[in-house]
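Q: If you want our numbering, it's the 1-based position in the sequence shown plus 18.
Please keep in mind that the hints were generated in silico from the structure rather than gathered at the bench.
No residue lacks a Cβ here, since even glycine has one placed at the ideal position from N, Cα and C.
A portion of the hints provided could be inaccurate.
[Unchecked claim] Ranges between beta-carbon positions, derived for each pair: (1) PRO85 x ALA55: 33 to 39 Å; (2) ILE29 x PRO85: 33 to 39 Å; (3) VAL79 x MET36: 32 to 38 Å; (4) HIS46 x ARG81: 34 to 40 Å; (5) GLY47 x TYR84: 41 to 47 Å; (6) ALA50 x VAL22: 40 to 46 Å.
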Amino acid sequence: MQQVEKAWWCIVALSGAMMVMLGAYAAHGLEARTTEAMVSAVETGVRYQAWHTLAIMMVLVWRQVYPLAGQRWVL
């Protein structure tokens, strides 16, 4: 595995961990401090982060399974 690829896997891991922490904070710690609309906005942001983390992970796996010469620009 190349150095750049390892860095991307670290980014995916950090993004996933941050997603879990923000989701837990929104579900348990944020409700008492702010409005329902703000909690909903944070939950939507966490959901978007989850999908983007999954998409980056899928591209990394795709690059390992189907290595093409011209796909370096993807990530």
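Q: Would you mind marking each hint as holding or not holding in the structure?
A: Right, here's what the structure says about each hint:
Distance hint for PRO85 and ALA55: a CB-CB separation of about 46 Å, inconsistent with the stated range 33 to 39 Å. Between ILE29 and PRO85 the beta carbons are some 20 Å apart, a value that contradicts the proposed interval 33 to 39 Å. With their beta carbons about 21 Å apart, VAL79 and MET36 fall outside the hinted range of 32 to 38 Å. Separation of HIS46 from ARG81 is about 37 Å and conforms to the stated range, judged on CB atoms against 34 to 40 Å.
Taken as a hint, the range 41 to 47 Å holds for the pair GLY47 and TYR84, whose Cβ atoms sit roughly 42 Å apart. Checked against the given bound of 40 to 46 Å, the beta carbons of ALA50 and VAL22, roughly 43 Å apart, stay inside it.
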